[in-house]
Amino acid sequence: MPEVDLAVTPLRELNAALHKLKPDTNETSWRVLNPRGQHAIAAGLDAPILVTVEGHAGYYCAGMNKQATVVINGNAGQGVAENMMSGQVHVKGDASQAAGATGCGGLLVIDGNASARCGISMKGIDIVVKGSVGHLSAFMAQAGNLVVLGDAGEALGDSIYEARLYVRGSVKSLGADCIEKEMRDEHKAELRRLLDAAGVDGAADVSEFRRYGSARKLYHFHIDNAGSY
Amino acid sequence: MCGIAGLFLKDKSLEPQLGALLATMLSPLSDRGPDSAGFAVYGADMPGAVKLTLRLPAGSDSGALLARLEKAGATPLKHAIHDTHVVVTLAAGDEKAARAEIAKDQNVSLVGAGRRMELYKEVGRPDSVAQRFGLAQMAGTHAIGHTRMATESAVTTNGAHPFTTGPDQCLVHNGSLSNHNAVRRELIREGLTFATENDSEVAAGYMTWKLRQGASLAEAMESALDALDGFYTFVIGTESGFGVLRDPIACKPAVMAETDRFVAFGTEFRALVDLPGIDGAKVWEPEPARVYFWERA
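Residue numbers (this note's numbering), protein chains in the order written: chain S, 470 to 698; chain E, 198 to 494.
For the record, the hints were derived by calculation from the structure and aren't laboratory data.
For glycine and all other residues, C-beta sits at the position ideal for the given N, C-alpha and C.
Just so you know, not all the hints are guaranteed correct.
Stretches of chain S that chain E covers, calculated by requiring three or more beta carbons in the stretch to come under 8 Å of a beta carbon on chain E [stated by the list, open to error]:
id, region
1, 500-509
2, 555-569
3, 643-655
Only part of the chain S face toward chain E is listed, based on derived beta-carbon distances under 8 Å [said to hold, decoys possible]:
id, residue
4, N542
5, G546
6, S584
7, A585
8, H604
With the hints as constraints, model all of the structure from the sequences given.
Right, dumping it as structure tokens:
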């Protein structure tokens with residue numbers, strides 16, 4: 470198992486080595502020591518490997534991820550797993566702002582809290598936050614699922630498109646055009662699948678969650694609003 | 198951009214290392230603020246005395262200034278030269294005479310005043326600014342520092358942070374205020390004066406004005422949430438501790454760490470990695486629009 474100590478090895482060397490891996494590589498498990506809050510650790514991966522970061526990561530950790538599983542044994546800075554395409558990113562601590570921003574696919578699991586703008590402009594990623602999320606989470610969220618086991622801050626789902634939001638705790642306020650929606654069986658099944666994938670198991674009952682989504686009044690042109698443009 | 202570092206020591210045995218620890222925090226923040234740097238260090242006080250931090254033009258003789266102060270009836274009890282700055286300790290009763298004498302000389306700037314606060318700032322890379330002032334040798338209970346990337350006004354020493362807001366008080370800012378011109382005009386009408394066109398100086402002036410009206414520091418910080426528009430993370434140093442305030446939108450990053458030995462603030466976690474015992478520290482992001490405060494008992 471390759472082990473890279475970022476106190477000794479420059480970060481660019483680590484990322485270059487990870488980028489060079491072929492899809493059939495035998496070096497499938499990497500350990501990164503002493504991340505010391507550096508930015509863009511394990512960003513841009515495109516191979517079915519596991520990378521474990523032992524400590525707190527800086528900005529954009531595991532950004533643009535494809536196929537890989539990245540586990541952060543600590544907190545993550547801004548934009549963790551931003552623009553993820555596939556694979557899985559697991560933050561064992563808290564995540565800073567804009568976690569999973571613009572993500573197109575894959576699964577982001579945050580064991581702690583995520584701060585403001587979690588899942589901003591998400592485009593197909595699934596995000597499960599075991600703690601709470603800050604204000605303006607799922608802002609302009611287009612597709613994918615955001616699951617929050619704790620509470621959501623102000624203006625959840627502002628200007629949301631077709632993403633689905635599931636919150637177990639309280640929601641401080643809903644953003645423009647975001648409304649509570651009925652939890653039908655299909656949603657309960659989807660939520661169960663996401664909770665299982667995130668390793669929540671029986672600890673959370675899907676009936677405890679409420680679903681939020683778009684009222685679809687904002688993103689279609691409406692002649693009555695012509696004066697606003 | 199800009200970077201902020203704040204360190205509040207709980208463990209007295211760390212006090213001799215305060216400056217050295219702050220220097221390790223400022224260095225990685227050079228990436229966020231390469232054009233100037235500054236810091237306030239809360240060191241030892243002398244009963245009945247006040248410390249004035251003065252800035253002189255590079256290469257000028259502080260001896261002549263000290264002699265003039267003595268002649269004006271404000272005899273320095275002691276002084277310490279740190280590059281372009283000199284910290285003069287005076288009997289508290291002599292402060293007025295000293296300020297009057299200093300005001301006569303346009304080459305000398307009063308950077309800060311207080312019983313414990315010493316305030317240093319200059320243009321240049323943060324590492325070299327810290328080295329020129331000898332930060333690593335400074336001791337104290339708490340300190341705040343700033344690395345600047347100018348956006349709203351020129352790169353000058355006066356535009357560097359911290360800005361003083363009153364005796365033993367100073368403010369550093371990461372962000373940019375959008376209504377600083379309007380607030381500055383209002384504060385000028387209230388009798389405040391400003392040395393620069395800088396937005397952060399307006400924030401400092403606003404705090405000074407609120408405190409002068411009798412607000413507590415926490416109240417002044419709360420009211421800043423309504424009065425100041427724009428992006429900001431403020432760290433405000435006082436004689437007994439420091440406070441943290443982020444704007445409600447919270448575009449500017451911030452991270453805090455706490456152990457039994459210290460509380461630290463950094464714009465990024467990179468600023469905190471060399472603090473003793475950081476691996477076991479509680480690390481979290483301060484919430485937007487919430488006033489945080491750490492003070493000595």
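* **Hint check, failures only** => 3, 4
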